[in-house]
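Student: Construct the complete structure from the given sequences, taking the supplied hints into account.
As you go down the protein sequences, you meet chains A and B in turn. Residues 249 to 384, numbered by my numbering, are exactly what the first sequence covers, in order. Residues 249 to 384, numbered by my numbering, are exactly what the second sequence covers, in order.
Just so you know, not all the hints are guaranteed correct.
Identical chains blur together in the list; that is why a pair holds if it fits in one copy or across any two.
Unchecked claim - With a straight-line Cα cutoff of 27 Å, these simulated BS3-like cross-link-like pairs (lysine-lysine) come out:
id	residue 1	residue 2
1	K363	K317
2	K346	K290
3	K363	K290
4	K362	K253
5	K317	K253
6	K267	K362
7	K362	K317
8	K346	K267
9	K290	K362
10	K346	K317
Derived by calculation from the structure, the hints in this document are not laboratory data.
Number of protein chains: 2
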Amino acid sequence: MPAIKSINHVAVVVDDMEKSLAFWRDALGIELHELRNVPAEKSQVAFLPLAGAEVELVMPTTDDSGIAKYLAKRGPGMHHICLEVDDIEGMMSQLREKSIRLINEEPRISDDGKKYAFIHPESTGGVLVELYQISA
Amino acid sequence: MPAIKSINHVAVVVDDMEKSLAFWRDALGIELHELRNVPAEKSQVAFLPLAGAEVELVMPTTDDSGIAKYLAKRGPGMHHICLEVDDIEGMMSQLREKSIRLINEEPRISDDGKKYAFIHPESTGGVLVELYQISA
Numbered sequence: 249m250p251a252i253k254s255i256n257h258v259a260v261v262v263d264d265m266e267k268s269l270a271f272w273r274d275a276l277g278i279e280l281h282e283l284r285n286v287p288a289e290k291s292q293v294a295f296l297p298l299a300g301a302e303v304e305l306v307m308p309t310t311d312d313s314g315i316a317k318y319l320a321k322r323g324p325g326m327h328h329i330c331l332e333v334d335d336i337e338g339m340m341s342q343l344r345e346k347s348i349r350l351i352n353e354e355p356r357i358s359d360d361g362k363k364y365a366f367i368h369p370e371s372t373g374g375v376l377v378e379l380y381q382i383s384a
Numbered sequence: 249m250p251a252i253k254s255i256n257h258v259a260v261v262v263d264d265m266e267k268s269l270a271f272w273r274d275a276l277g278i279e280l281h282e283l284r285n286v287p288a289e290k291s292q293v294a295f296l297p298l299a300g301a302e303v304e305l306v307m308p309t310t311d312d313s314g315i316a317k318y319l320a321k322r323g324p325g326m327h328h329i330c331l332e333v334d335d336i337e338g339m340m341s342q343l344r345e346k347s348i349r350l351i352n353e354e355p356r357i358s359d360d361g362k363k364y365a366f367i368h369p370e371s372t373g374g375v376l377v378e379l380y381q382i383s384a
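Tutor: Here it is in structure tokens:
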């Protein structure tokens, strides 16, 4: 049976990275591990790891991506929760059997080789949920 | 210096607990640790612990609480992120010095003795952030 292991990260969509870092890094004191442009996602992402799950701040760098449209429609705030799973294909099959709507029919592969897929908020009670398999 | 230790939980506001459990517990397979009425919050809360941070599903049980109004206005979805801190009073002082707006001026105490306080979304980039001190 595929199993959810942990929350990997919580992603926050932001419209002003410096202003957001003034809160998460400077006021709360969480260390900024990396601020990276992710062209594949048309975003700039700030990674703020904690013990266990990390906070990610995601700022769209174009206005035509899914996250840019989300920001335009709903404003800044929480965007998705990412769950680490040990067997992403197995979990996706299990979800399909339960009639859960997936956004990606097959896992996508990130630049660093992680498999990921999103579950549609329609099937989760309004939460965009990402599944993430880190090790094979 | 007060320090953020980890994400303690992510809270999801739901309008139909059984339907939400059909996703989080039955489809994803996360174990339901406890389903509890929390009269002080006028809510029913499902606790779904994972390694590290847990998922909490919160369903208002009246229509006059803050979370009931949130649900009526914005619909079901992510509600807040809770960060564990080692020194909540110290952190609240630090935030005040940085002109971060707090919802609670003093920590509140839960039934089981934990200190908690909320930071206003206005100062966080649209995210309701809870601070939680578990041990003294």
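Student: Compare the structure with each hint and give your call.
Tutor: A quick look at each hint next to the structure:
1. Only within a single protomer do K363 and K317 lie at most 27 Å apart by alpha-carbon distance; the minimum there is 24 Å, versus 38 Å between protomers.
2. Neither within a single protomer nor between protomers do K346 and K290 lie at most 27 Å apart by alpha-carbon distance, with minima of 33 Å and 31 Å respectively.
3. Taking identical chains as interchangeable, the C-alpha atoms of K363 and K290 lie at most 27 Å apart only when both belong to the same chain, with a minimum of 19 Å there against 40 Å between chains.
4. In the homo-oligomer, the alpha carbons of K362 and K253 lie at most 27 Å apart both inside one protomer (15 Å) and across protomers (26 Å), since each shortest distance falls under that limit.
5. Taking the closest pair of Cα atoms, K317 and K253 never come within 27 Å of each other, the shortest separation being 31 Å inside a single copy and 33 Å across copies.
6. Within a single copy, K267 and K362 get their C-alpha atoms no closer than 30 Å, and across copies no closer than 30 Å, so neither meets the 27 Å cut-off.
7. For the homomeric pair K362 and K317, the shortest alpha-carbon distance inside one copy (25 Å) is at most 27 Å, but the shortest distance between copies (39 Å) is not.
8. Taking CA atoms no more than 27 Å apart as the test, K346 paired with K267 passes between copies only; the shortest distance there is 12 Å, against 42 Å inside one copy.
9. In this homomeric assembly, K290 and K362 come within 27 Å of each other (Cα to Cα) only inside a single copy, at 18 Å, whereas the closest approach across copies is 41 Å.
10. For the identical chains of this complex, K346 and K317 are neighbours neither inside a copy (29 Å) nor across copies (31 Å), given an alpha-carbon limit of 27 Å.
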